[in-house]
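Protein chains in written order, with the numbering used here: chain A, 9 to 279; chain B, -5 to 315.
No lab work stands behind these hints: they were computed from the structure. By construction, the Cβ of each residue, glycine as well, lies at the ideal position given by its N, Cα and C atoms. Please note: incorrect hints may appear among the correct ones.
Between beta-carbon pairs, the in silico distance windows are [said to hold, decoys possible]:
#1 163/B / 201/A: 20 to 28 Å
#2 39/A / 133/B: 17 to 25 Å
#3 219/B / 207/A: 54 to 62 Å
#4 273/A / 68/B: 15 to 23 Å
#5 56/B / 273/A: 18 to 26 Å
#6 17/A / 178/B: 26 to 34 Å
#7 219/B / 272/A: 45 to 53 Å
#8 110/A / 175/B: 52 to 60 Å
#9 73/A / 129/B: 19 to 27 Å
#10 65/A / 130/B: 43 to 51 Å
#11 294/B / 17/A: 51 to 59 Å
#12 21/A / 0/B: 29 to 37 Å
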Amino acid sequence: MVANSTFDRVKEPSWRRGFANLLAKENRTWWGTRRWWVQAGLWTVVVNGLMAFLLFAMPVMLQLNEDPADAASYDAVVQSVGALFQIGTVALALGAILLSQDQILGERQSGVIEWVLSKPVSRASYFLSKLAADAMAVVVLLVALQSAIAYGLISLANGGLFPLIPFLAAAGGLAVNTLFYLALTLMMSVLTDNRGTLLGVTLGMLFGGLLVGSLMGTYSLFTPWSMTAALPAIALQTTLPLPTWLPLCVTVALTLLCIAVALWRFRTMEF
Amino acid sequence: MNPSNDMMIQTDDLGKAYGQVQALKGLDLRVHRHSIFGFLGPNGAGKTTTMKLLLGLIRPTNGGGTVFGQDIVRDSIAIRSHIGYLPQQPQFIPTMTARETLRLTARFFFTGPKEAIDARVEEMVDLVGLQDKADRPVKGFSGGERQRLGLAQAQINHPDLLILDEPSAALDPMGRLAVLRVMERLRERTTIFYSTHILDDVQRVSDTVAILNHGELVAQGPIEHLLAGSDKPVYTLTLWGNVEATQSRIANLPYVASIDVACSNGATSWQVSVTEEAAAEEGLLREVLADEAVTVTEFHRKKYELEEIFASFVEGDNNGR
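Use the sequences and the hints to build the structure in full.
Rendered as structure tokens:
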């Protein structure tokens, strides 16, 4: 029998007690299983399949249509960069919602959360470990990997390197937008134990927001919904009626708000 | 944890309400070090609520309590560092194996060394007999296997206090016996606070018992005291011969509250309820034997079965003893 005195005891401060262990556990569920390469492959097909189509197949198709005006006016690089940051904003946000919607809610519904929180684990550690592990996976697999492949494809079609700094800035914006929807989903999984409500609010925010944003005109730049316009503008170095950093800042602020609300509510929840 | 303190759990007026429903009412609980404390009550009596309050999974709406002398609300994490808990229906991460689950649990308490953690995991796997299932995902486990894993993870840190919510509920008779043996073995190094519906088990291993009904504590004390009856001890006598005159004489003794009489195969059986234990111990048998027409073949203080005690408290008939 191994005596307790043989062990090195956990020495984390109370507020983040259990964080390292939980984060390691969450990271293993991403990187220690086939989950990461399944998601990497899936999103590569979705995002860069579209990019390859726009960059390489579309010009050929337009030429085959024998409409010289269409073929001449089609700028494959501009179109694909615009599509990457417009459609990517929505698609990757959708990915973040779908990948994280069961993370806390599933454990609440199954009772696993009661078991975990009966150990010396702070509520903040539980929530933040989920957030940190998912954020890392989403940024690496959905944003960084897809952006890197897309950058390669765009540069290939461009016949030279596409301007890197604006592209990286837009990719950073894409990460901010995706993390916002991740934080929103995790917050909702704390606020409700009903999956319908969770998906209704998060998907409603994503798709309903796009609709509302289009009706708001310039004012939509004060919301995350204008990221579909702001990110292509950043990458292509075009201008918008208001500074492009505005929706970025708003989205960062809303992300932090979601995290703060979730932590506040989670602290007083009962299991 | 203060090792000099003999009180492991102490609650004072601890209560929990869900809206208008009072799940737990003014609980005053005392659990001493190294006791095996059986926490009894019908479904919905508030047993699980009490355990969750002690673990900080829910918050009290009135009163409070301490575990190891530390406040159950303010010092919850420090308390949980020295506790092992088995929920009523243990749920684990379904994709993890039993061994991975135990390793994860151990790492909530210890950071290393890795070899020591692995050795402790093996010790727990052996303890609950899960050797051949230890590398299978938990999602394929039966209720009994999950319960055994639950027991193993609750003990992984060699806790000072084990809180077990229905530890043998999902187990077959052999599994139940194994749990009881483990509990008896652990008495040396830990305190066990557990709830169960299996009263035989309580009578066999517990030294202290509390009975909860409708959120209220209706009895608490050493099991021997409860089984002996409390405020009105009862003595059982088996008599032969003509007992009528003796019966009226005994019924008039100042310390005799009542006599229940039953006849069977020529013998008469009395259940004599008394108000003064010392006087009865000293004089009752002597008074009966004073009548030469009566032969006494049995005399002892009645010992109740826990089931009787439990039923009497839960059904509200707790005035008779």
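Hints violated by the structure (listed by number, smallest first): 8, 9
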